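Now that you have both chains on their own, put them together as the hints suggest.
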Amino acid sequence: MFKNIRGLFSRDLSIDLGTANTLIYVRDQGIVLNEPSVVAIRVQGTQKSVAAVGLDAKRMLGRTPGNITAIRPLKDGVIADFLVTEKMLKYFISKVHENSFIRPSPRVLVCVPCKSTEVERRAIRESALSAGARDVRLLEEPMAAAIGAGLPVQEAVGTMVVDIGGGTTEIAIISLNGVVLSDTVRVGGDRFDEAIVAYVRRTQGSLIGEATAERIKQEIGAAYPQKEVREIDVRGRNLAEGIPRGFTLNSNEILEALQEPLSMIVQAVKGALEQCPPELASDIAETGLVLTGGGALLRDLDVLLAEETGLPVIIAEDPLTCVARGGGKALELMDAAGNADLLSTE
Amino acid sequence: MRGTFRVSDDGKLDESPSIGPGGALRVARERLGVSAREVADVLNLPIRVVDAIEANDAARMPAPVFARGYIRAYARLMEMDAETLVAGFELGAVAPEPVRDAAVSVYRHQRILVIAAGILILLLVIALLVWVVMLIADEASEASAVEGSPAVDQESLAPRTVAAPAPALPRPRIVVPESTESRREIEQRAGQEAGLVQEQTPPAAIAQESPEFRGRAADALPEGSRRITADGDDVLTMEFSEDCWVEVSDTQGRNIYSDLSRAGDQLRLVGNAPFRVLLGYAPGVKLAYNGESIPLSPHTRNNLTRLVLGQ
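Residue numbers (the numbering used here), protein chains in the order written: chain A, 1 to 346; chain S, 1 to 311.
These are calculated hints, taken from the structure and not from any lab test.
No farther apart than 20 angstroms at their CA atoms in a straight line, the calculated lysine to any residue pairs in the SDA-like style are these:
#1 95(A) / 113(S)
#2 48(A) / 69(A)
#3 329(A) / 65(S)
#4 329(A) / 28(A)
#5 270(A) / 42(S)
A few chain S residues facing chain A, derived, Cβ under 7 angstroms:
#6 44
#7 45
#8 62
#9 63
#10 65
#11 66
#12 69
Every value quoted in this text rests on a predicted model; they were computed, and no experiment measured them. Just so you know, even glycine gets a beta-carbon here, dropped at the ideal spot from N, CA and C.
This is chain S alone, in the form it adopts within the complex (with noise of 0.2 angstroms):
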């Protein structure tokens, strides 16, 4: 039980021993001199109830919330304080919650949202970053494409190159020339030819430099001339006021000619049109088929440069 019970002189509840709510309620009842069975029917309860109320014996009772009741009516009815007597018995129940203000919850609703903020955040942040070491490793890889695209086409090129005319080479023409100087004075000069372009040509170039192609090259390209196919005799001319890429493919699409032209050269290629021919940069490029000078921008688009010649 907590607290304990007496009922003073005046009425009131004070502190005694022991004889708890359910005593002060029978003390005072007896003292009025009515008796627990008429207690019971004035409040419409079961004699039991009033019993099991005076014996502090809330085992004996309904569930809480009818037991407080009963023994708020008990109290009034001998004119004692209710709510300290229904404090006094142990029911179990929870006590009704109190009414709160709404700014109570403030703290911890805030409290939700700034968690929720700071995760969005990282979020941003973190997805801000990988999009950032992105951008940073396209750009990388372009920059690695662009400086390694000779050496790559170069790579592929020599095979190709090598391997793909090699059948179609006509031999016999090479072999019997139709000019009236010796066998001897021709290799001669196909090797002072091959040396010179040697000295010259860059590497991407060098690989075109096959026996099969001396013979041929040696009859009659001029200076700063390059063959790039077995037989023809279709040129192109290309003056370079800028740096820009020039690729050059037949019209299977094999590529047989590519490389990075500097500023201020001058390219010169020899071969059978038709000629599949990409510029990189269209504006630094002054281009001639056959003599003829073409007009580029018709071709153009961001500067970059797609025509066939010689169709």
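For reference, chain A alone in the conformation it holds in the complex (with noise of 0.2 angstroms):
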């Protein structure tokens, strides 16, 4: 009862509870929260506390003493540390509503991979309601991210989306508010760090960070070999003489090193494309594919897809926030049709 009348000063949230990033969107308001889903923990004795959580928690990524370890509760989707994302969770809500003089306990829409099991599932239900929510509805992504973009969704109409975030890949083909076939890959902007820091150990002998490996993908990465060559200076630790020393990369090295992922992803949306129902099939080639997520910003990714699929692909306007605002609309659609289940998948 506490939480109903607690109720009554929150507000409705959507949360894209994403492997690198957690975006919440409240309705009426948009994105209000873009934070990084990291979270530091400070171990004293045996007792463990919150230092850091989101931007703060990722400054401190590789660069903690021995007491605090900046970890990321989730990896490739899901829960990995269900207390610290708990912890994580309590905090984005209470800076969402940190005006109120009342402990929220808003309602809650969470986005969850299409692939994640029930164990997954009830794992995030669970933290989200630990977190103080008072009702958790989850919703799969792809339908997030397809709403999120303006796709007509409730048309009977198939429209694909391919959602690349930090941990997945999830792609989906939408039909009338429902999902006619998903398939989710473990690949993601995780993975393309983790390529580019395997390309440089190679290569150049070096071992380089998760953050510095983002910057390389976000300042030079690309999908597709590009007219003008882009080069960026970047130091790490030699391996051979264990000390740090600065080299220099271009694009072309950082395709060359993104060719697995990017290979999967592509394998991914043409598996899809084979299984789809031919009907569906013939809209999708009329309209083409969507990208949306944060693995969307990768330059000339859409050139690649098109090139191997053969079909127009267009990138969802601010594809980062795509999934939150989805879920946001969603709740406002359910609202607004009146059936709490119109489009959550409990």
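Structural data, given as structure tokens:
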């Protein structure tokens, strides 16, 4: 009952609980929080406490002293550390309601990967409830992404969404407010970073951190050969000498580094198209597929997919926030239709 | 169409009479010597979509989200500014929602809280007022009950005391007194007694002075005594050091005496026991029954005494 009273002072939230970033969309307000899904844990004896969450914690990644550990509580789109996820969610929910003098108890919609198991979904639900939510609804990420991208999901027309997140890539064909076909590959932005780290280690004999790899990807990373070759100066620890060394990488090298994860995404898209019912395949051939998620920002990824599939490929507007925005719109659609289970998976 | 476009020599877009964003794309394509079919093949689009874009015909294009993507891809192919061209098309789509700061909503959220708190305070004030009014009303009714109770009892007592003992009155004993005095003397004495009693008796007791009592009362009551039943010689004596409400009723609960006695009064009631006695303020009373002092404390609670005498 108290949760219901507190709910009067809370706002409905849509949470994109991503491996890399957590985004929160508030009804009628838009995206109000976009922070890395990172928590810094301080260990004192046997006691553990949260030292920092989000952006502050991400700055600590790889730079922490012995008693602080910066961890990512989500891995491959699902919860890897239940308690830390709960702490992180509680922090984010209270941050969104920081002007409220009553502890918030909002209604929450959380986006989950298509192929997440019942156990994983239950973990996400329990985590959100423990973080203070009074009602938790789950929505599959590609559906949220499609709604957020503005696709006509309610029509009897097939549309294809490829949501490239931090930990997973979700591929779904949607028609009539439902997912007709979906697939998840555990390849995403993190895998791109790992590929760059491995490539640098192999070719330069140097070790770089995840944060450096991400910066390289954002600045010169590309999925398709570029007319103009770009370069970046990087510093890492030379494995042979054991001391920091600087070196230069160019966009063609990074393209080569990313070949493996990119080909996995291409294969997954092709696999989904192969399984697609003929009528929907015809619709998709007409309209093409839509890229969402942070991975869609990789330069010329749409060109690569267009060349590989022979379909028009478009990048959604503001692809990073599509899932969170779509979740928020789904909440509004559910309320407008008076049917809480309209889009929810549970 | 919103905005007009022209491709300048350096490949940039300039304002110009009405070729529209689609026209600008077509001019750029023609300058590069590329056919619409080739553009359609490179972008994996049907030729009619390329034609629709070049003709600025939003009606022939698919859903806005796709149309914007196609225009962006076409613009990028022509190495033109995609966002300017997309903005030039009226696609009827809502622009993506900007990312807002949580602080933007603070004012509205706080306003709701202020309104809710205001309503709550208003309700509390109303409840407080109602409580105070009820409290005052209760006190007033209690005060009127204390002041008015003798009068009320007096009214209710008069018919009861007159009517109730009347059937049981032993008329023959009054008519034929046992004393040796003549009837006339007795009547004269009774008349004197009655006059004396009437002077001292409060209004409540006047009702008891029925003709039937008068004869019996005239028998042998000492001065200051009051007969409360038709017969009997049991005597209740009370001395008051404080004001005190007194009620005496018979065993059947009928009220046979009730009045407010003042400090300094002495009351002597004669009648047929048993009596049910109620004293409103016990500390201000000394009670004796047939000359024997009665301790009140065992029968007193909150200064109110209830006891039965003569059982």
